[in-house]
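Sequence lines, in order, name chains A and B.
Under this note's numbering, the residues of the first sequence are numbered 1 to 114, in order.
Under this note's numbering, the residues of the second sequence are numbered 1 to 109, in order.
Rather than coming from a laboratory, the hints here were simulated on the basis of the structure.
Small disclaimer: the values here were computed from a predicted structure and weren't measured.
Incorrect hints may have been included.
[To be verified] Derived DSSO-like pairs (lysine-lysine); straight-line CA-CA distance at most 30 Å: (1) A:LYS57 <-> B:LYS3; (2) B:LYS41 <-> B:LYS56; (3) B:LYS56 <-> B:LYS3; (4) B:LYS41 <-> A:LYS15; (5) B:LYS41 <-> A:LYS17; (6) B:LYS17 <-> B:LYS41; (7) A:LYS11 <-> A:LYS57; (8) B:LYS17 <-> B:LYS68; (9) A:LYS11 <-> B:LYS41; (10) A:LYS57 <-> B:LYS41; (11) B:LYS3 <-> B:LYS68; (12) A:LYS57 <-> A:LYS17.
[To be verified] Just some of the chain A residues that point at chain B, by a computed CB distance under 8 Å: (13) TYR33; (14) TYR48; (15) GLN50; (16) ASP56; (17) LEU60; (18) GLY98; (19) GLY100; (20) GLY102; (21) TYR103; (22) PHE105; (23) GLY108.
[What the hints assert, rightly or not] Looking from chain B toward chain A, a few residues come up when the C-beta cut is under 10 Å (computed): (24) TYR22; (25) GLN37; (26) GLU95; (27) LEU97; (28) THR98; (29) THR101; (30) GLY102; (31) ILE108.
For every residue, glycine included, the Cβ atom is placed at its ideal position computed from N, Cα and C.
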Amino acid sequence: GAGVSQSPSNKVTEKGKDVELRCDPISGHTALYWYRQSLGQGLEFLIYFQGNSAPDKSGLPSDRFSAERTGGSVSTLTIQRTQQEDSAVYLCASRRPGQGYGYTFGSGTRLTVV
Amino acid sequence: ELKVEQNPLFLSMQEGKNYTIYCNYSTTSDRLYWYRQDPGKSLESLFVLLSNGAVKQEGRLMASLDTKARLSTLHITAAVHDLSATYFCGLYGNEKLTFGTGTRLTIIP
Numbered sequence: 001g002a003g004v005s006q007s008p009s010n011k012v013t014e015k016g017k018d019v020e021l022r023c024d025p026i027s028g029h030t031a032l033y034w035y036r037q038s039l040g041q042g043l044e045f046l047i048y049f050q051g052n053s054a055p056d057k058s059g060l061p062s063d064r065f066s067a068e069r070t071g072g073s074v075s076t077l078t079i080q081r082t083q084q085e086d087s088a089v090y091l092c093a094s095r096r097p098g099q100g101y102g103y104t105f106g107s108g109t110r111l112t113v114v
Numbered sequence: 001e002l003k004v005e006q007n008p009l010f011l012s013m014q015e016g017k018n019y020t021i022y023c024n025y026s027t028t029s030d031r032l033y034w035y036r037q038d039p040g041k042s043l044e045s046l047f048v049l050l051s052n053g054a055v056k057q058e059g060r061l062m063a064s065l066d067t068k069a070r071l072s073t074l075h076i077t078a079a080v081h082d083l084s085a086t087y088f089c090g091l092y093g094n095e096k097l098t099f100g101t102g103t104r105l106t107i108i109p
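One chain only, chain A, in its complex shape:
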């Protein structure tokens, strides 16, 4: 597609429920990233996928968070047993291989845990 597509754009969930957030990167972009942006805050790295390599999960805040990328394309970020502090905008970005290329961000999923 022309851009990075994320769905849903908004998600309200009850505390304790599981949620899945989806990211469709730009075709041909081998690198895919998930970031989290809390209200009025900067961007916090969560996880990084590069091709078929093992993902860098070093930013995941707890074992309630997990992500997968199927077929080197679509990625799903799953948050289990959501807590109120999980409320944030979850941004996905992808990048084509090679130095000098920018990261293209999706429009994000705004997650609200009530």
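Start from chain A and add chain B according to the hints.
Here is chain B on its own, set in the frame of chain A:
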């Protein structure tokens, strides 16, 4: 640990004035990015700086990189209201971007 610091965090400036946003980082890197974020929107890529001394300009914005000083600047010339947004710098390291806290820029007519 890679750290990226931006200052100022908040900036109000009058239309027509010039100002600079600073981005300091803690470790060597040869790749720095600047992004713009409008309220409720995602990040829009502005500049990619790849080498020491790199300077890029687009309209009223100019970005530079000094890898020896571990400093990047985003200079705004003759600000206009449309430039009101939050600006982030992002440093490439360990195969990912680490972002600064952002600078919320408000241009006052």
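Here's how the hints hold up against the structure:
Distance check on the hinted pair: LYS57 (chain A) and LYS3 (chain B) sit about 19 Å apart at the alpha-carbon level, within 30 Å; holds. Taking the CA atoms of LYS41 (chain B) and LYS56 (chain B), the gap is about 24 Å. The hint holds against a cut of 30 Å. Distance hint between LYS56 (chain B) and LYS3 (chain B) is fulfilled; the C-alpha atoms sit about 23 Å from each other, no more than 30 Å. As the CA atoms of LYS41 (chain B) and LYS15 (chain A) are separated by approximately 26 Å, the hinted pair is consistent with the 30 Å bound.
A distance of roughly 26 Å separates the Cα atoms of LYS41 (chain B) and LYS17 (chain A); the hinted pair therefore holds under the 30 Å criterion. Distance hint between LYS17 (chain B) and LYS41 (chain B) is fulfilled; the C-alpha atoms sit about 26 Å from each other, no more than 30 Å. A C-alpha spacing of about 23 Å is found between LYS11 (chain A) and LYS57 (chain A), which places the hinted pair at or below 30 Å, so the restraint holds. Restraint check: the Cα-Cα separation between LYS17 (chain B) and LYS68 (chain B) comes to about 29 Å, which is no more than 30 Å; the hinted pair holds.
Taking the CA atoms of LYS11 (chain A) and LYS41 (chain B), the gap is about 16 Å. The hint holds against a cut of 30 Å. Simply put, LYS57 (chain A) and LYS41 (chain B) have alpha-carbon atoms about 26 Å apart, close enough for the 30 Å limit, and the pair holds. Note on LYS3 (chain B) and LYS68 (chain B): the hinted pairing holds, with a Cα-Cα distance of about 16 Å set against a maximum of 30 Å. Taken as a hint, the LYS57 (chain A) and LYS17 (chain A) pair is honoured in the structure, with Cα atoms around 22 Å apart against an allowance of 30 Å.
Because the smallest distance between the Cβ of TYR33 (chain A) and any Cβ of chain B comes to about 6 Å, under 8 Å, the interface hint for this residue holds. A least Cβ separation of about 5 Å between TYR48 (chain A) and chain B falls short of the 8 Å threshold, and the interface hint therefore holds. Interface hint status for GLN50 (chain A): upheld, as the beta-carbon distance to the closest one in chain B is roughly 7 Å, under 8 Å. Taking 8 Å as the C-beta contact cut-off toward chain B, the hint placing ASP56 (chain A) at the interface holds, the least distance being around 7 Å.
Using the Cβ-Cβ criterion of 8 Å, the hint placing LEU60 (chain A) at the interface with chain B is not satisfied: the shortest such distance is roughly 13 Å. Restraint check, GLY98 (chain A) versus chain B: the minimum CB separation of about 11 Å is more than 8 Å; hint violated. With a least beta-carbon distance of about 6 Å to chain B, the hint placing GLY100 (chain A) at the interface is held under the 8 Å criterion. For GLY102 (chain A), the interface hint holds, the least distance from its beta-carbon to any beta-carbon of chain B being 4 Å, beneath 8 Å.
Because the closest C-beta pair between TYR103 (chain A) and chain B is about 6 Å apart, less than 8 Å, the hint holds. Residue-level restraint check for PHE105 (chain A) holds (minimum Cβ-Cβ distance to chain B is 4 Å; threshold 8 Å). Among the interface hints, the one on GLY108 (chain A) holds; its C-beta lies about 5 Å from the nearest C-beta in chain B, closer than the 8 Å criterion. Of the supplied interface hints, the one on TYR22 (chain B) is violated, with its beta-carbon coming no nearer than about 15 Å to a beta-carbon of chain A, more than 10 Å.
Satisfaction of the interface hint for GLN37 (chain B) is found here, the shortest Cβ-Cβ separation to chain A being roughly 9 Å, below the 10 Å cut-off. The restraint placing GLU95 (chain B) at the interface with chain A holds, with a minimum CB-CB distance near 6 Å, inside the 10 Å limit. Taking 10 Å as the C-beta cut-off, the interface hint given for LEU97 (chain B) holds, the closest approach to chain A being about 6 Å. Nearest Cβ of chain A to the Cβ of THR98 (chain B): about 7 Å, under the 10 Å cut. The hint holds.
Annotation: THR101 (chain B) was flagged as interfacial toward chain A, and the flag holds, the nearest CB pair being 4 Å apart, inside 10 Å. Interface hint status for GLY102 (chain B): upheld, as the beta-carbon distance to the closest one in chain A is roughly 5 Å, under 10 Å. Interface restraint check for ILE108 (chain B): the shortest CB-CB distance to chain A comes to about 20 Å, outside 10 Å, so the restraint is violated.
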